[in-house]
Every structure is written in C-alpha cells, then in structure tokens.
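Colleague: If you count the sequence shown from 1, position 50 lands on 50 in this note's numbering, and the numbers rise without skipping.
No lab work stands behind these hints: they were computed from the structure. Please note that a few of the clues may not be correct.
[What the hints assert, rightly or not] With a Cα cut of at most 30 Å, we get these calculated DSS-like pairs of lysine-lysine: (1) Lys-52 / Lys-66; (2) Lys-39 / Lys-52; (3) Lys-73 / Lys-52; (4) Lys-61 / Lys-73; (5) Lys-39 / Lys-73.
[What the hints assert, rightly or not] Across the chosen pairs, the derived CB separations fall in these ranges: (6) Arg-75 / Asn-36: 25 to 35 Å; (7) Gly-63 / Asn-7: 43 to 53 Å; (8) Ser-16 / Leu-81: 38 to 48 Å; (9) Glu-79 / Asn-30: 38 to 48 Å; (10) Ile-77 / Phe-42: 15 to 25 Å.
Glycine included, each C-beta is placed from N, C-alpha and C at the ideal position.
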Amino acid sequence: MGERCNNLVHTWIINSITPSIAQNVVFIENAIDMWNDLKDRFMRGDRIRVAKLHQEIENLKQGSNKITDYFTKLRGIWEELD
Numbered sequence: 001m002g003e004r005c006n007n008l009v010h011t012w013i014i015n016s017i018t019p020s021i022a023q024n025v026v027f028i029e030n031a032i033d034m035w036n037d038l039k040d041r042f043m044r045g046d047r048i049r050v051a052k053l054h055q056e057i058e059n060l061k062q063g064s065n066k067i068t069d070y071f072t073k074l075r076g077i078w079e080e081l082d
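Let the sequences and hints guide you as you build the complete structure.
Modeller: Here is the structure:
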C-alpha cells in the first residue's frame, strides 16, 4: 500500500508542475523527497514581497469592517508571509 500511495502522489506532483521543472525532479523516486526538493527550491522569500507584506500589516486598519473581516484579511497576510 505504501508504494502505491507513493506512486500516486509522485504522479500527482509531476502532473501538477511545469514540464521544465518536472524534468529536474522526475528521477526522485520518493514522493516526500521530491516534495522537499520543490519546497526548498521555491521557499526562498522574495524580499520585496516580504517588505510589502510587512507594510500591509502595519497599515491594516479595522475601520468600518467587521472584526471577522479584519482578522481574515490579517490572517491571510500572515499566512502569505509565513
């Protein structure tokens, strides 16, 4: 069952990424190793985007919005920043 699940996830990942990226990871047999390789490759933060997210957090005001709407927006920024 473990090998079957690995093959299923491996295939899903390969079919979910662009062909040029797939060429670089297709020979990684273990799906978790492939996932970690992709995560390491694309997790590098964009410094300009990170600075903009910090600025969005600093400038975010509840104003006339409901607290749930305000928190949802704030949480979305936090998650993108993370």
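Colleague: Now tell me if each hint is right for this structure.
Modeller: Evaluation of the provided hints:
1. Lys-52 / Lys-66: Cα-Cα ~24 Å, so holds.
2. Lys-39 / Lys-52: The given pair, whose Cα atoms are some 22 Å apart, holds under the 30 Å limit.
3. Lys-73 / Lys-52: 15 Å, holds
4. Lys-61 / Lys-73: Cα-Cα ~10 Å, so holds.
5. Lys-39 / Lys-73: 25 Å, holds
6. Arg-75 / Asn-36: 25 to 35 Å: Given about 26 Å between the Cβ atoms, the range holds.
7. Gly-63 / Asn-7: 43 to 53 Å: Once the Cβ atoms are compared, 51 Å apart, the range 43 to 53 Å for Asn-7 and Gly-63 holds.
8. Ser-16 / Leu-81: 38 to 48 Å: Since the Cβ atoms of Ser-16 and Leu-81 sit about 24 Å apart, the hinted range of 38 to 48 Å is violated.
9. Glu-79 / Asn-30: 38 to 48 Å: Given a distance of about 28 Å, which is not inside 38 to 48 Å, the answer is violated.
10. Ile-77 / Phe-42: 15 to 25 Å: 19 Å, holds
Checked against the numbered hints given earlier, this structure breaks hints 8 and 9; the rest are met.
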